[in-house]
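Trainee: Okay, here's what each chain looks like letter by letter:
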Amino acid sequence: MNDAVLMGAYVFLLALFLGVVLIGRVPSTLHTPLMSATNAISGIVILGGMTLMGQVDNAVLMALGFIAVAFGAANVVGGFAVTDRMLAMFKRRPDTGTGGEAES
Amino acid sequence: MFEDGRQAFIDICYLVSAFLLILSIRQLSSPSTARNGNLLAMIGMGLAIFATFFFEGVLDAIVWIVLAMIIGGGAGYVAAKRVQMTQMPQMVAVFNGLGGGTAALVSVGEFLNRDSVGGGEEVSILLGTLIGALTLTGSLVAFAKLQGLISGRPIVYANQQLYNAAIFAIIVVLGVAILALGEGTTDKSLMIVLFLLSLVIGVTLVLPIGGADMPVVIALLNAASGVGGVLTGFTLDNQALIVAGSLVGASGVFLSALMALAMNRSLTNIVFGAFGQLPAGGAGSAEAGGEALPVKATTAEDAAVMLAYANSVIIVPGYGLAVAQAQHAVRELADALQARGVNVRYAIHPVAGRMPGHMNVLLAEANVPYEDLYEMDRINDDFRNTDVVLVVGANDVVNPAASQDPGSPIYGMPVLRANEARNIVVLKRSMDPGFAGIENMLFHDPKTSMLFGDAKKSLNDLVAAVKNV
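So the protein sequences, as listed, match chains U and S.
The opening position of the first sequence corresponds to residue 39 in the working numbering, with each subsequent residue numbered one higher.
The opening position of the second sequence corresponds to residue 156 in the working numbering, with each subsequent residue numbered one higher.
No lab work stands behind these hints, which were simulated from the structure alone.
Please note: incorrect hints may appear among the correct ones.
[Said to hold, decoys possible] To spell it out: a stretch of chain U is covered by chain S in this simulated footprint if at least three of its residues, at any positions, have a beta carbon under 8 Å from a beta carbon of chain S; those stretches are:
1) 41-47
2) 52-65
3) 79-86
4) 120-132
Beta carbons: idealized from backbone N, C-alpha and C, even for Gly.
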């Protein structure tokens, strides 16, 4: 096993552990936004599409990279946009209180 | 020297980006900081993408890369702005698929582009292709089922598991062959076959899974897209991908396990159990309760009096609420009751919606304050001290048989203990048994009043009646 793979394995292990701990703290109220946010994060593979397009010199592979980048961009942009839209809807009860709160 | 400096710049950007992504998940642990967290993730992602432009050769292809980003990103943005909150599971399924597709295409592209591939990298390329491709097509099937483009019922045929096993075996053999042959001319065609078969197995794996199990499937596919990212990270020796992919993988596995727990099923049973067998058992139990059991029907006026003079009310929303587009109506009722000083809370079962946390988003959209939404474990002990429970469009999640009747198909599933409340009001279209066809004794409980009709109309009637009390 070469150094890079070993290094990657350490990073993977630590990130996975961190992920489980952090995800466990997310309240169920936010599970849908969590899913769509992590979904957008998984679009980070777009980086691979970019480096692929930077390395190839034939049209077929270029097209492959093009589709990969377009897919990845849709995942990233759409995922973050929809997460933001959802999170903007989560509101506290207004501090001044609704009529009912004030009366009671 | 210049080359080293450039690589160092990219690496530092990736490091900061990974940090921001981790921080963003941390911020998602509270509704008050969550939006900020999403913003941090966007910045982290933007930074990683920006840095990658400085990767060797990438700037030469900048025109095509930016064009691809504009097309893909534009489509994603428009979809994200237009989608209805009830359609969120479909949307997440599609985005999952795109992420998986990206991972698969990058893996295939890397393989075809390289003259020589190291041992470790070859394995991650093959696995990345398999996981990414099956995530793509599996997600598309999940989307089609949720959107109603194909039947939500499990699609089963003879020897299905056998075919799946055979396809998987061929994929493994191809993978081993590619590894054994090393680099050569024939490898490349084998790789394409492996890619195509991986696309096929994604379809055949999800087809037999029923629509009701889609929340778990989406969470699993989410995990798979994360794993695809990790594998691509190994292939490209890119730590940012490994960190981001691990976070996604952890989240997907966590959520799918949570959903499976809430449905009292094992993940293996959901994925390989062909839910098709279950309805038979469900029909049996419905038949057992076929004798005319007493049902107490009520009117909006009577129910409104009961609600208005209660001290505490718990609303149990089910997906039927969203189907009837009645989220705003239920919030108006809660407002009217709160204006009278009634303590109103919502009890949310983990599988109340079509994906984890879905019902919370649907209610948030109707301006229900998130402090009023209680998860099952936090509110289950309070039912016995509650005057009225209002069940709207929910059925199995309040079925006492889950804890009382060992013969019931849902026995053992954690449910909301609505039957412990002093009074229960159920809004329901008719006495038809629900999707699973399981008899619900709660509807025949002497403490239960049934208010029949469309949920939205019933709620509007209740609002008007409460205001007249």
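Trainee: Where does the structure disagree with the numbered hints, that is, which hint numbers, in rising order?
Mentor: none
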